[in-house]
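Residue numbers (the numbering used here), protein chains in the order written: chain W, 36 to 327; chain V, 186 to 437; chain F, 5 to 337.
Heads up, some of the hints might be wrong.
Each computed DMTMM-like pair below joins lysine to aspartate or glutamate, with the alpha-carbon atoms no more than 25 Å apart [as the list claims (entries may be wrong)]: (1) V:LYS335 <-> F:GLU211; (2) V:LYS335 <-> F:ASP214; (3) F:LYS327 <-> W:ASP129; (4) V:LYS238 <-> W:ASP213; (5) F:LYS123 <-> V:GLU258; (6) V:LYS335 <-> F:GLU330.
Hints are computed from structural coordinates only; laboratory data are not their basis.
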Amino acid sequence: MELSWEIILMQVIMGLALGAIYVLLASGLSIIFGLLDVLNFAHGTFYMLGAYAMFTAISLCGNFWVGLVAAVVIVSLIGGLFEITLLKRLYGTDQIYPLLLCFGLGIFIPDIIKMAFGLIGKVVDYPAMLQGATFVGNLILPKYRIFLVVLMALVLLALYVFMKKTSIGMIIRAATRDRLMVNCLGINVSRVWTVGFMLGIGLAALAGAVAAPMVQTIPNMGDEMTVEAFVVVVIGGLGSLGGAALGGLILGQVVSFVSLLAPDWSNVSIFLTMALILVLRPRGLFGEEGRD
Amino acid sequence: MLLQTKGICKHFGGLKAVDQVDFSIEQGKLKSIIGPNGAGKTTFFNLVSGLYKPTHGQVTFQGKDVSHASMNERSQLGITKTYQITSIFPRLSVFENVRLAAQSRVSMFNSWRKAYSYSAINNRTMEILEHVGLADQQGRTASELSHGEKRYLEIGIALATEPTILLLDEPTAGMSPAETVEATHLIRKLSNELKLTIILIEHDISVVMGISDEVMVLHEGKKLAEDTPEKISANETVQNVYLGKGAEPCSR
Amino acid sequence: MSAKQKTQETTSYKPYSWQAILEFRAMWVVLALGLVLPFVISKPLATEIMVYALFALAFNLLLGHTGIISFGHAGYLGAGAYAGAMVVYYGGVGVWVSLLAAMAGGTLVAVLIGLLAVKRKGAYFAMISLAIAQMLYFLALSPFKRWTDGEDSLKLPPLSVDFPFHIDLSDQLSLYYFVFVIVALAVLAQWRILSSPFGHALKGIRENEDRIRACGFDITRIKFLSIIYSGLFSGLAGGLLAIYLGAASITILFWMTSGIVVMQTVLGGTHTFMGPFIGTAVFLYLRNNISNYTDRWEMWVGAMFMALILLFPEGIWGTIVQKIGERRRPSAS
Chain W
36 MELSWEIILM
46 QVIMGLALGA
56 IYVLLASGLS
66 IIFGLLDVLN
76 FAHGTFYMLG
86 AYAMFTAISL
96 CGNFWVGLVA
106 AVVIVSLIGG
116 LFEITLLKRL
126 YGTDQIYPLL
136 LCFGLGIFIP
146 DIIKMAFGLI
156 GKVVDYPAML
166 QGATFVGNLI
176 LPKYRIFLVV
186 LMALVLLALY
196 VFMKKTSIGM
206 IIRAATRDRL
216 MVNCLGINVS
226 RVWTVGFMLG
236 IGLAALAGAV
246 AAPMVQTIPN
256 MGDEMTVEAF
266 VVVVIGGLGS
276 LGGAALGGLI
286 LGQVVSFVSL
296 LAPDWSNVSI
306 FLTMALILVL
316 RPRGLFGEEG
326 RD
Chain V
186 MLLQTKGICK
196 HFGGLKAVDQ
206 VDFSIEQGKL
216 KSIIGPNGAG
226 KTTFFNLVSG
236 LYKPTHGQVT
246 FQGKDVSHAS
256 MNERSQLGIT
266 KTYQITSIFP
276 RLSVFENVRL
286 AAQSRVSMFN
296 SWRKAYSYSA
306 INNRTMEILE
316 HVGLADQQGR
326 TASELSHGEK
336 RYLEIGIALA
346 TEPTILLLDE
356 PTAGMSPAET
366 VEATHLIRKL
376 SNELKLTIIL
386 IEHDISVVMG
396 ISDEVMVLHE
406 GKKLAEDTPE
416 KISANETVQN
426 VYLGKGAEPC
436 SR
Chain F
5 MSAKQKTQET
15 TSYKPYSWQA
25 ILEFRAMWVV
35 LALGLVLPFV
45 ISKPLATEIM
55 VYALFALAFN
65 LLLGHTGIIS
75 FGHAGYLGAG
85 AYAGAMVVYY
95 GGVGVWVSLL
105 AAMAGGTLVA
115 VLIGLLAVKR
125 KGAYFAMISL
135 AIAQMLYFLA
145 LSPFKRWTDG
155 EDSLKLPPLS
165 VDFPFHIDLS
175 DQLSLYYFVF
185 VIVALAVLAQ
195 WRILSSPFGH
205 ALKGIRENED
215 RIRACGFDIT
225 RIKFLSIIYS
235 GLFSGLAGGL
245 LAIYLGAASI
255 TILFWMTSGI
265 VVMQTVLGGT
275 HTFMGPFIGT
285 AVFLYLRNNI
295 SNYTDRWEMW
305 VGAMFMALIL
315 LFPEGIWGTI
325 VQKIGERRRP
335 SAS
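When you get a sec, could you build the whole thing from the sequences and use the hints?
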């Protein structure tokens, strides 16, 4: 195959769009881990729920944007409910127990979805205004992919502002660094945890909702994504938003180009990238010393 | 000198937790480090035990530079510390808590011989349990012990690693006055009978004054004074920053 | 306090705790039950229980005894199964060599995961081990399809053993006892390892990693060796699994395998020796029976597992041991 610069640029854009999904997903995982010390093994499940909520909302109201907002809100609420009723009981126990609870949830929910929606994939359409492509010179720019990249940038910016400027964001940041201390400040930490968890779940749902038009919406679509989100945060360094962003973008490019050049290796390349980065930087790109 | 630090510093970002401290201790002595909260006592200990590596300066032990040796390497050389917040093996028996520490001198990787077949280690374990008064508790699960007993177990674990020098980090923390008196007797006994070299961090000055050969006072990371207990009590600077304030309410 | 009234003679020591004695007896009871198992439940199910019980015990070397959360055990089991099957398929070697190759395969993956992750704790180890195992899954699925047959299983011919005497492994009962004897020996070997100075050091790491390091233990190397043992025994289980299934199949490598062994282990009790064995037996027996009544096995298992974590985190055997301990306590003091 001849690699013209148009193909290369096209592949970069595809990679950016895929990377955007990874970034949204992994930043949610990273926030939850940083704040709660919980490795959310059901993260991909919430991603899948995001896609199904999107499908349901659109079939009810017919509007992509309303569906998007509804999907994120509904799935965040499900996440909040899970945190308040079940997960909360396990804080302060060995790290393994919250992890296993999430793992159990990740087995439980897809089966419910199978029961409700069947095994056959659901189709979510692109919104009318984002169908097709625009041309710059003889370069084809698919609108929806461009939208994803813009969306990711906006979400990252919003997260940055939220963490730096709002009081609850600052509490979340402080709690990520030192949970005990925030407890001593007389803040109702319990509510901060719930908000943080819902924020992380909301990001997973958003990733699933915007991915829905591009991928097949099936009950097990989240399984792989959990593992891939793990890879992103291992590459970037757990608990670091910048790390999640950089890790996601790197992984998007790797997958995009390997799929083009050696399709057999595209899945393997994700993990090889991780292994390579671990050899070079054992704590990930933005990992801090002393934080395991 | 058995152990010596020269101009040792530990900075955390802008905070100079330990700043240019020179310290030395001779074989067989008991030396205490006192100072108000946040004076850098525990940080200093961690520099000696190897948990932290110094920002500047040097730690020498038996004439060798050990500044960059890791914690387990220093433990193998004979520098052992106890923890301010009790750090034991909660689900294991009292016997096993101490035996495991004693085992560290003999075998780590042998995967076939039975751990309890090393009679020298077992005997040594019982000797130590006798020393710290826990021999009749040997079969209990460590987590069931009372707070005071856990503090003794903590010391027992440290003794089992056959330390040349023992670093005791507030061994009486959280003890009642009666327990504190008993613990003081034990420390004295370790020093006198086992001829151990001991560095002791204490908050409770009364504990320190009775049993130390010398006392070093830390304040805001710096060495303020170093002398015999009597002279330290009489030292005006020390009185101003530390003793003068009277007994501070205990923070833990 | 007795320190004051210093006794002349040293009190005699009783090193074995009641838990250790109880576990030792439980091990022999379970192995004895194993002798009659194929007459109580179906022979294939009994064989499957033995293979996965060995796998769960090997897994628990890390989770329960060292305190390492591994989610990559599908990689060890799968490497064992494929290594064992491939030397038979391509090399035409016998069953014993196949099992040795399986152990080597499991060990090799353990070395790989160990090198990348041994210094990482908790969640980090879980993620890295899971990712490496997934990499093996995808490697076997497509780039190495030529050797692994990808989604089609690598099928084995009917096998038999000729040394020390002839065993026809296509006979279900002979296969069961062949597997049972190997599993029993492996269980005894693991008991022995856990009773050694090394095994005790593992428990120290699980209980208090900082303290055990301060005692002078080289925890990185100890953990690495623990990962290797876990890989070795998991690889052996993988080799037996390939013989039992008559094939090495790609689903063994899928990450769900890692999840199932975690569930089986926690169901029985991670902080015990025989818990994983018991958990595996219960899990597989239930799966066999529940799937007769419902297609929604995953939903049930997910819900029951969450309930287990919330209500009985010590698992079946672990809870029993705990209750016995509570009853003993008043008399002990």
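Hint-by-hint comparison with the structure:
For the hint pairing LYS335 (chain V) with GLU211 (chain F), the CA-to-CA distance comes to about 15 Å; that is within 25 Å, so the pair holds. The straight-line distance between the Cα atoms of LYS335 (chain V) and ASP214 (chain F) is roughly 17 Å, inside the 25 Å bound, and the hint therefore holds. A C-alpha spacing of about 20 Å is found between LYS327 (chain F) and ASP129 (chain W), which places the hinted pair at or below 25 Å, so the restraint holds. Distance check on the hinted pair: LYS238 (chain V) and ASP213 (chain W) sit about 22 Å apart at the alpha-carbon level, within 25 Å; holds.
Distance check on the hinted pair: LYS123 (chain F) and GLU258 (chain V) sit about 17 Å apart at the alpha-carbon level, within 25 Å; holds. Between LYS335 (chain V) and GLU330 (chain F), the direct Cα distance comes to roughly 20 Å. Compliance with the 25 Å bound is thereby established for this hinted pair.
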